[in-house]
Amino acid sequence: MQLNSKNSRVSLNAVVAGAGPAGLACGLALLKCGMAVAIAGPSSLQSSARGDTRTTALIGPSVSLLGELGVWGQCEAHAAPLKSLTLIDQTGRLLRAPDITFHASEAGLDAFGYNVPNQTLVAALMQKLADYDGGFIDATVSEVHPDANGVALRLQNGQDIQAELAIGADGRDSLCRAAAGIAARRWNYGHTAIACSFEHTAVHNGACVELHRAGGPMTAVPLPGRWSSLVWVERPDEAARLMALSEQEFAGAVQKELGSFTGAIVSVKPRAAFPLIGLAVSSYAKNRIALAGEAAHVVPPIGAQGLNLGFRDGAILAQCVRDAFAEGRDIGGAQTLATYNAKRRGDVLSRTLAADLLNRTLIAGFLPFDAGRAMGLSALAASARLRQVMMRRGMGGV
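Here the sequence shown is numbered in the working numbering, starting from 1 and rising by one per residue.
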């Protein structure tokens, strides 16, 4: 299958709009079972080439999906296992939650998951995609027109494609979502997240730390060697000040917050800042269009839910589509979309609400929120059974 702007309209089973990790994984899962599928969008490798140093903490189901796709081995070579998570209350408020550490061993695991550089993840998925002739089109989807019989798409390179199903993995400002007539509600937390990686002198031993601070949470997650990734949430004015600091000054600011947890900070890679928002949709599939990743949900960077939710979208959607394909049903029909919508609604809603509530309790400075968080963490600190339940739930279990 070769696609280019000189072709007349091409007919496919499905088109994935968006070439981020969630879209790539979903498209690969469908290609693997023999469907005619194209993934269209600017390659995420372009941002990596510009110095993208972001990472993703992948939990169990995401690692399993990458294993099924045949790319986990390449990712694992550049990943760090996450063996423990310590929560520390540094809010300085009247009601202080106890410090608590979750150990993967309590859940019978060697690690909760693995922290992987985004550029490694995307490169592995793109390399596997190269096994499928014509599976990737380096062009953005510019028009999406669904009707009762299929979806007509036009790409910015002039290519026209007709598909039974369009998968919108095209981000929080999704064109596919708008074309499907799916309503989205978004909100702004009034905070900014700063992300980077840093080198330090201490051996982290797979230990993550999350500081609950008055300005917003700060999380350090292990990378291979004596490196960790950092997500620092702050008020916009303070975030702007931090972004304007020199590397040495910023390293000093991080050191002040983390103390001796990672030892002395040696160097810091380039920083990126982005506003903290949330997004929820009225439906995950409608009018021959299914949503995945940030087209369907945006959550705060707490509890490693973001991309892991996107991978769960891709895995479950691929299974729904494969089942319909194997049974000779319309893969973009109402039954297939209703099945996907039902399977995603409860999972996404519960995890979005949990991440939203925890984030709001941290940044609000509201006494009842502080009391609730303190009581909840106190209960977890006192009960190994509760910690096990929370760990299984956080890792994608039930």
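Errors might be hidden in some of the hints.
[Claimed, not checked] For lysine to aspartate or glutamate, the following EDC-like pairs were computed, each having C-alpha atoms within a straight-line distance of at most 20 Å:
no., residue 1, residue 2
1, 256, 238
2, 83, 68
3, 83, 247
4, 269, 249
5, 32, 173
6, 343, 323
7, 269, 247
It is worth saying that the hints were derived from the structure and are not from the lab.
Which hints from the list above does the structure break, by number from lowest to highest?
2, 3 and 5
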